[in-house]
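Protein chains: 4
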Amino acid sequence: MKNSFGSQIQCSLFGESHGQAIGIVIDGLAPGIALDMDFIQKQMGKRKAQGRISTARQEADDVQIVSGYFNGYTTGTPLCVLLVNHDTKSKDYGKLKDLMRPGHADYTAQLKYLGFQDYRGGGHFSGRLTAPIVAAGAICLQILQSKGIAIGSHILQLKEIVDLPFAEERTILAEQIKTVNEKYFPVLEDVQGQKMIACIESAQAAGDSVGGMIESAVLGLPGGIGEPFFDSVESILSHLLFSVPAVKGVEFGLGFGFANLFGSQANDSFYFDPEGKVQTATNHNGGLNGGITNGMSLKVRTCIKPTPSIYQKQQTVNLHTQANEELQIQGRHDPAIIHRARVVIDSMLAIGLLDLLTVRFGTLWMREEK
Amino acid sequence: MKNSFGSQIQCSLFGESHGQAIGIVIDGLAPGIALDMDFIQKQMGKRKAQGRISTARQEADDVQIVSGYFNGYTTGTPLCVLLVNHDTKSKDYGKLKDLMRPGHADYTAQLKYLGFQDYRGGGHFSGRLTAPIVAAGAICLQILQSKGIAIGSHILQLKEIVDLPFAEERTILAEQIKTVNEKYFPVLEDVQGQKMIACIESAQAAGDSVGGMIESAVLGLPGGIGEPFFDSVESILSHLLFSVPAVKGVEFGLGFGFANLFGSQANDSFYFDPEGKVQTATNHNGGLNGGITNGMSLKVRTCIKPTPSIYQKQQTVNLHTQANEELQIQGRHDPAIIHRARVVIDSMLAIGLLDLLTVRFGTLWMREEK
Amino acid sequence: MKNSFGSQIQCSLFGESHGQAIGIVIDGLAPGIALDMDFIQKQMGKRKAQGRISTARQEADDVQIVSGYFNGYTTGTPLCVLLVNHDTKSKDYGKLKDLMRPGHADYTAQLKYLGFQDYRGGGHFSGRLTAPIVAAGAICLQILQSKGIAIGSHILQLKEIVDLPFAEERTILAEQIKTVNEKYFPVLEDVQGQKMIACIESAQAAGDSVGGMIESAVLGLPGGIGEPFFDSVESILSHLLFSVPAVKGVEFGLGFGFANLFGSQANDSFYFDPEGKVQTATNHNGGLNGGITNGMSLKVRTCIKPTPSIYQKQQTVNLHTQANEELQIQGRHDPAIIHRARVVIDSMLAIGLLDLLTVRFGTLWMREEK
Amino acid sequence: MKNSFGSQIQCSLFGESHGQAIGIVIDGLAPGIALDMDFIQKQMGKRKAQGRISTARQEADDVQIVSGYFNGYTTGTPLCVLLVNHDTKSKDYGKLKDLMRPGHADYTAQLKYLGFQDYRGGGHFSGRLTAPIVAAGAICLQILQSKGIAIGSHILQLKEIVDLPFAEERTILAEQIKTVNEKYFPVLEDVQGQKMIACIESAQAAGDSVGGMIESAVLGLPGGIGEPFFDSVESILSHLLFSVPAVKGVEFGLGFGFANLFGSQANDSFYFDPEGKVQTATNHNGGLNGGITNGMSLKVRTCIKPTPSIYQKQQTVNLHTQANEELQIQGRHDPAIIHRARVVIDSMLAIGLLDLLTVRFGTLWMREEK
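Chains as they are written, first to last, in the numbering used here: chain A, 367 to 736; chain B, 367 to 736; chain C, 367 to 736; chain D, 367 to 736.
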């Protein structure tokens, strides 16, 4: 399916970083959803480059909805979001046509597209392609919120600096999600956030970059969501998360931590709570058993590799001269994208979960009263 | 797509652990492939329970191909593999209808299927469903091998015991893949394997279980394979890997290790080797840039959680009596499945990669001379 | 998707006429549907060869459900129907390996599968592959019936002999659908049916065969079903109908009759009936406007070409000798399949409509009380 | 998949008649195809309203390719075609919000989209949505042409007026396809075309409209294309053709004519021609046996119903007042669309066939030398 994904909520992505426009077509939305354009732009804002810890490229990212939206409501037909590219400095990339930037997709794009790819700014592989994802995700998030489902993410780790992990207790978690969703640099403990920012700035000063780990939580998901075998919740969400440039690891619940445990430590025992609702005493499985939601909070961690665009000299190949060469990247680049990637992760989770919910409950469920 | 996956090589899985039969339909194979039935059965053998470190349930797993196979060759029409269930002791599960086993899919299946699921032996959520996957995977592996592509996996970690990681150097890696593919308990260093087995036996003696981490490598993949945006190699492979019961984490290359690095440490610099072929000096990205293969060996690690079926007493809920209850699981269970899961991981990698290769090269490519 | 079809109700078909077994996997059914096995076998019976006007090949067609069905109810996991082949006389086909039967898929299968196809009895292209379709269709029909949706088909034309067309008036149409569903040779006017049977017998006596036209009606469909643009009801249903071997034409409402009309004659005007329900004065559009159901009865006609297996001498090519040759087909063949194809058409309509209904209303809708 | 279609060549359509823009995303094209923009605009021109026999609405239909196209070549990433809407007179439609036009999708859109649809100019159901289809089709046609595959269509019938049918002989057919592709009003016999135009003008004078039948032929298709069971060539092409608004019937080869024939008359006998190539003596099956191409010319006929927008008074319902009402349509409408629909049919055939060819031969095949 290449640039499309989804069963009932299907997204088709298009565009290149320095092309005329980028965009996404979202199909499968119910009619009659009043879109909160302020919320969409607020989400876009979280992805925008701001301050010293981001690239200097400034894109307005004015979300134009060119179809599927009429008189303030979704129509139910495919909704196309268009984002026109403005602040492109393509000449910065002229030299990069032949010089393959390490860690980037330049070389693999060359292999795949045989030299015909739009190499400017990373073309179709640019992180810029996540902007339409955030627009689509914002629409899905709004629908999920209307159903009492909240999604939030924060930077759990940036090099050796670690934030407080999300709580399991519902009231606290709800508050934490709210908190991080209001921040541009999403951490639970601001003092740790300050250290992280300092670390990014110091990397930047050295012409270097950093990555990190994002922890996400989803609260309020009904149990019984997800499809066996191939469309387990983990399968669908990891498929979407690994589509985000720079993501190199995804784990649910304890994730790789399970490798060190005995079964007796790993299992989450069940109990009836005072209201007669089934709960688990622990949530090592991150709200998922057998690929299906169990009603506990969904927990997922995503690793973002350091931005490959660094200003230090690097060894690489020149495909034109067919010689090894030294490369020094010019232009405008992010010393870290993890704080901007956060909202992309939230968006992907929202897109995937709305799809799975719609498979179970049908298109019209989206507009039913909760 | 639920129980189907794939674009050009599409697999449809069906069956329950204690039902009449389980199976898989594989569509999209080229005609004229002479199947190596010995290889298929050998792969099935790797998944079989053997010795003290596995369940006592013994299934012949005689692969019956009921369609798409004629006179020793694939026909090109859908190939259906059927595995009849024999050694079922369903009465062991009578009690489990109402008692939800912690860590299992019993409760989520109940939520999703409203009590109509076949609960015996985990039903559709049983690890038994991976047997048809291995059969399908063996066919895909055979085709990949005929193209010079080798896949292998080993147990990198089991609790604190760690095996030697796969080498990057091609000749050594090729040898290592060969080595682990010949072993039932797949490790590079047998002394570490012995420690792991001792650890499993000791867990078993305590009525407990263990999980671990599998490292996989693919050698010989051409560059330029994978599709942006949603069908990145990582997306497709993680989708398949997270479909395997008990998988809770997937990472490519350094994976979560990227969180601790500077970009200058993380980037893999390019160079022309003496034959004029582009190589990377390191392979932190696991053979993938921008979701597309770069010609280096593909590296992926998968975390398998400890088998949830343990013999120790556990707290859980009885959905019939609506009361909290103590559960002591009877029956036959694996104290570890990681050594059996290895071939399932290999199979999933083979299925996903053959699909992506076919998207690029077409159906008939499968039978072309290399 | 080749041998799979469907968005929410997905069917995967496999098997060859003289192979071990044929079957279908149906995914997406809700859990908890009590299957009416008598109804399924009754539907299978309609497809069976009976009497002089059919082939002498007799297959028990005992429907084995090997998965997704437990204690008399669907489980919600993939339901696999298996039909074992018994009455195969493969030696009748030995000669046909090289001699391409005119009108059959022998030659195109050779082109596509390069000689590796199972040529016995038409292999994967045999009309026998419609038996699993009827089993799957019977399950879908049962679900639709529980929602008040009725489907029926009859032979509208067989050479120059014409049956009474379906009425538009609901009560009469409901009765007509019931009537034809009870008959093995489905016509509204038995005297016309007798003439048709006589025509088939006379063709058979001459070593020849006949085709015909089937008219189908669906009563009780809610309005608003179908998806623009590519998944119009006409698109989905024609996709399925043209998958049935021998179908060469499909038309909705007046179909090709529209070519002769003015718009003023073709349009169906709307009015409120006494109960305040919107109706159309005529139903030239067959219950569909813009690819979406309008609440009127759905009408579709399908043309079935004459069975290509005739006993008269025919000119053809021998691919082995590379010479033109005369062919005289032996074996057991149908002088007409239109009466057996009827239930296949009904089944395809049921499969397609249940899929579109599930897209709109969700999986669980299937088991809600009407 | 709703507004997307295709396995290897996937199209996603969006937009409404009076919205900001309409467009299509085409995914799966090979990189390095030099697009012939003149040819694309020439094809767009065939769909444009011209002269008295079309609507007065004039749209520039300047094809903007906003992604997937760089320096005159396809990049291989999703290609998005955008068409901005200019000449919209939305006030003509204010009254139509509540008055359901007979034969249109107004009422079914209301049922499906619950009143939130963009009703202006038919919204998403407008024939205007076929403009992006023509742009996508032109790209596919160009690729097919580079492979020696030619597609052409003409008006075979318009009320009682009949054009010469396409010939079977290859040289003549090639010439005929060329001829009709050069004409705005596509007929083989101009004198018949004059009669048809006169008929349209006379219908227009009476405030009425006409439909008709289009015959299409594809020459040069290799044998062995198409997929069993569900992706037969007939299934894929009919799916696409029935997506075109106003199409109500599709038949291949003799189509419904088969109902009147004996098998001995219907079968196409095979023979080796002097060059040793297998041919059929007749081509009643339209180049398709068992859903797979046999190397003969592909023949398909499509029925277009009369334009439902007529100026005569019609009875209908007013959903606001809940009363029966008389409707007299204002605005600009086509008395016939069949001559404009021709290029849409060609485009759909090209899209479907390129997809099936790519499934067999892979993405890179598109750019190989013939």
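Since the hints were derived computationally from the structure, they do not count as laboratory data.
There could be a bad hint or two in this list.
As the list claims (entries may be wrong) - Calculated from the model, a selection of chain A residues having no Cβ within reach of chain C, i.e. all distances over 10 angstroms:
#1 Glu567
#2 Val725
#3 Gly728
As the list claims (entries may be wrong) - Using C-beta positions, here's what the derived DEER-type ranges look like:
#4 A:His686 / D:His452: 40 to 50 angstroms
#5 A:His686 / C:Lys463: 41 to 51 angstroms
#6 C:Gln631 / D:Asp556: 53 to 63 angstroms
#7 D:Phe405 / A:Arg698: 54 to 64 angstroms
#8 B:Asn437 / C:Gln696: 34 to 44 angstroms
#9 A:His452 / B:Glu555: 50 to 60 angstroms
#10 B:Tyr637 / A:Asp556: 57 to 67 angstroms
#11 C:Glu567 / B:Lys463: 49 to 59 angstroms
Glycine included, every Cβ here is placed at the ideal spot set by N, Cα and C.
Hints versus structure:
{"no.": "1", "hint": "Glu567", "result": "holds (50 angstroms)"}
{"no.": "2", "hint": "Val725", "result": "violated (7 angstroms)"}
{"no.": "3", "hint": "Gly728", "result": "violated (3 angstroms)"}
{"no.": "4", "hint": "A:His686 / D:His452: 40 to 50 angstroms", "result": "holds (44 angstroms)"}
{"no.": "5", "hint": "A:His686 / C:Lys463: 41 to 51 angstroms", "result": "violated (56 angstroms)"}
{"no.": "6", "hint": "C:Gln631 / D:Asp556: 53 to 63 angstroms", "result": "violated (28 angstroms)"}
{"no.": "7", "hint": "D:Phe405 / A:Arg698: 54 to 64 angstroms", "result": "violated (39 angstroms)"}
{"no.": "8", "hint": "B:Asn437 / C:Gln696: 34 to 44 angstroms", "result": "violated (22 angstroms)"}
{"no.": "9", "hint": "A:His452 / B:Glu555: 50 to 60 angstroms", "result": "holds (57 angstroms)"}
{"no.": "10", "hint": "B:Tyr637 / A:Asp556: 57 to 67 angstroms", "result": "violated (44 angstroms)"}
{"no.": "11", "hint": "C:Glu567 / B:Lys463: 49 to 59 angstroms", "result": "holds (57 angstroms)"}
Checked against the numbered hints given earlier, this structure breaks hints 2, 3, 5, 6, 7, 8 and 10; the rest are met.
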